[in-house]
Amino acid sequence: MRRPFRKLYAAHVVVNLTSGTALDGYLVRQDGPLLTLRAATVHEPGAAPAPADGELVVERSRIDFIQHITDTGGSA
1 MRRPFRKLYA
11 AHVVVNLTSG
21 TALDGYLVRQ
31 DGPLLTLRAA
41 TVHEPGAAPA
51 PADGELVVER
61 SRIDFIQHIT
71 DTGGSA
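Residues in the sequence shown are numbered from 1 upward in steps of one, following my numbering.
Bear in mind the hints are in silico, worked out from the structure with no lab data behind them. Every residue gets a Cβ at the ideal spot worked out from N, C-alpha and C, and that includes glycine. It is possible that part of the hints are untrue.
Claimed, not checked - Computed Cβ-Cβ distance ranges for the label pairs, DEER-style:
hint	residue 1	residue 2	range
1	Gly46	Ala10	29 to 37 Å
2	Arg38	Arg62	15 to 23 Å
3	Gly32	Asp71	25 to 33 Å
4	Pro33	Asp71	24 to 32 Å
5	Gly20	Ile69	25 to 33 Å
6	Asp71	Pro49	26 to 34 Å
7	Gly32	Ala10	28 to 36 Å
8	Ala10	Pro51	12 to 20 Å
9	Ala10	Ile63	14 to 22 Å
10	Arg38	Thr70	17 to 25 Å
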């Protein structure tokens with residue numbers, strides 16, 4: 001079974017959904033078409049960011065793209 005997100009396990013990611021919502025958290029598991037995020041924040045258009053309770057499970061077909069967040073150690 002091919003696991004395209006294997007290298008991102010426990011990595012800080014932003015999952016951008018086809019609905020326009022973004023999920024900022026840590027990718028900790030992939031089970032078939034499902035991705036699991038922990039310590040996530042939900043970013044919805046027109047609303048303040050809101051921390052999610054527990055884990056978020058996202059179906060891969062609802063994902064537009066994923067951004068891997070890296071800490072460069074510098075300041076912007």
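**Q.** Range hint compliance [Cβ, alanine 10 to proline 51, 12 to 20 Å]
**A.** holds, 19 Å
Q) Is it true that glycine 20 and isoleucine 69 lie within 25 to 33 Å of each other by Cβ? A) violated, 19 Å
Q) Taking the CB of glycine 46 and the CB of alanine 10, does the distance hold inside 29 to 37 Å? A) holds, 31 Å
Q: Just tell me: holds or violated, for the beta carbon distance of arginine 38 and threonine 70 against 17 to 25 Å?
A: holds, 18 Å
**Q.** Outcome of range test on Cβ distance (proline 33, aspartate 71; 24 to 32 Å)
**A.** Between proline 33 and aspartate 71, where Cβ atoms are some 29 Å apart, the hint holds.
**Q.** Status of the given 28 to 36 Å range, CB of alanine 10 versus CB of glycine 32
**A.** violated, 19 Å
**Q.** Outcome of range test on Cβ distance (alanine 10, isoleucine 63; 14 to 22 Å)
**A.** Given about 18 Å between the Cβ atoms, the range holds.
Q. Is 15 to 23 Å right for how far apart the beta carbons of arginine 38 and arginine 62 are?
A. holds, 18 Å
Q. CB of glycine 32 to CB of aspartate 71, is that within 25 to 33 Å?
A. holds, 30 Å
Q) For the pair aspartate 71 and proline 49, does the Cβ-Cβ distance stay inside 26 to 34 Å? A) violated, 19 Å
In summary, the numbered hints that this structure violates are 5, 6, 7.
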